[in-house]
Amino acid sequence: MKIIIVLVLFLVPVQGQDDRYRIGPGDVLDIRVYNRPQLSREAVRVEGSGMIRMPLIETEIQAGCLTEGELAKEISTRYAKYYKNLQVDVFIKEYHSRQVAIIGAVNEQSRFELQRRVRLLELLTYAKGPSPRAGQTINIVHSTTGSPCKKDNDTAASVPFTSYKLSDVLQGDPKSNPYLEAGDIITLPEADQVYVVGNVFSPITIALKEPITLTRAIAMAGGLRQDTSKDKIRVIRQEPGTTIRKEIIVDLSAIEKKRSEDLSLLPNDIIDVPASAGKSFLRSLVQGVAPGVGQLPVRVVP
2 MKIIIVLVLF
12 LVPVQGQDDR
22 YRIGPGDVLD
32 IRVYNRPQLS
42 REAVRVEGSG
52 MIRMPLIETE
62 IQAGCLTEGE
72 LAKEISTRYA
82 KYYKNLQVDV
92 FIKEYHSRQV
102 AIIGAVNEQS
112 RFELQRRVRL
122 LELLTYAKGP
132 SPRAGQTINI
142 VHSTTGSPCK
152 KDNDTAASVP
162 FTSYKLSDVL
172 QGDPKSNPYL
182 EAGDIITLPE
192 ADQVYVVGNV
202 FSPITIALKE
212 PITLTRAIAM
222 AGGLRQDTSK
232 DKIRVIRQEP
242 GTTIRKEIIV
252 DLSAIEKKRS
262 EDLSLLPNDI
272 IDVPASAGKS
282 FLRSLVQGVA
292 PGVGQLPVRV
302 VP
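If you use this note's numbering, the sequence shown corresponds to residues 2 to 303, in order.
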């Protein structure tokens, strides 16, 4: 079972209005009114509608989507009919409204409670980056309820799912590095894979993070053994969307002599490198006999 750890980011806010934390449902506030302890309140939980109540004020006060300073000013304005120039301070005691998660091919899957606005790349660094299995894309699944603080022109407000190229995110491309919203789930799918087996030095599974050709895949598997039948390299390929597999015979010698084009591999291709017939028989014979020989007792010849 995979364990998901909840982390809270205690970070110094980046300067700028867009990075300020905005109060949301479930957050707990401390509200202090200077020289008016009867009006001060502790542990005020913001309702699901984003509203709170204060003494003497008949109607509810909208706290959701406001910063601490904006809410303090709003409360002071509401009390203006009773007290002039009332000083109010608002502090967020507990953060509960802005939780996001990151799962998939990252080095540390986690949930985070954000205490300020955070961009995708920054959160990815707190998950210790993509794992070696990560593919070429990173996806954000947005909450179906959404955040009440989203603007109508926010991309996440109008679509439930957005996808970005992982390389663009890692480079900090502004178009691929959005602010995250409450309830977002970031997923990194694992890369498609190809397999190199048979008469190579190091049979290998290769993550298809970028286009790979047949010759490159064989090189990544350590290259061919000397007794390889180079004109009969088999590529076993499954037809997309079906269970049908077809076999492609490739002449590696022709590719090396530039008489044939190198084959571009597709997801789940299996490259089977055969040994020449005679050597293959000899190898299978040795492999079959050797284990039995290893079980014989050892005697010393004086």
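Do not take every clue at face value.
[As the list claims (entries may be wrong)] Cβ-Cβ distance ranges computed for the label pairs, FRET-style:
(1) 95 <-> 174: 33 to 39 Å
(2) 46 <-> 191: 36 to 42 Å
(3) 239 <-> 214: 42 to 48 Å
Since the hints were derived computationally from the structure, they do not count as laboratory data. Predicted model, so just to flag it, every value in this text is computed and none were measured. No residue lacks a Cβ here, since even glycine has one placed at the ideal position from N, Cα and C.
Evaluated hints:
1. Between residue 95 and residue 174 the CB atoms are about 35 Å apart, so this pair conforms to the stated range of 33 to 39 Å.
2. Our hint of 36 to 42 Å for residue 46 and residue 191 holds, since their Cβ atoms are close to 40 Å apart.
3. Restraint check, residue 239 to residue 214: a C-beta distance of roughly 19 Å breaks the suggested window 42 to 48 Å.
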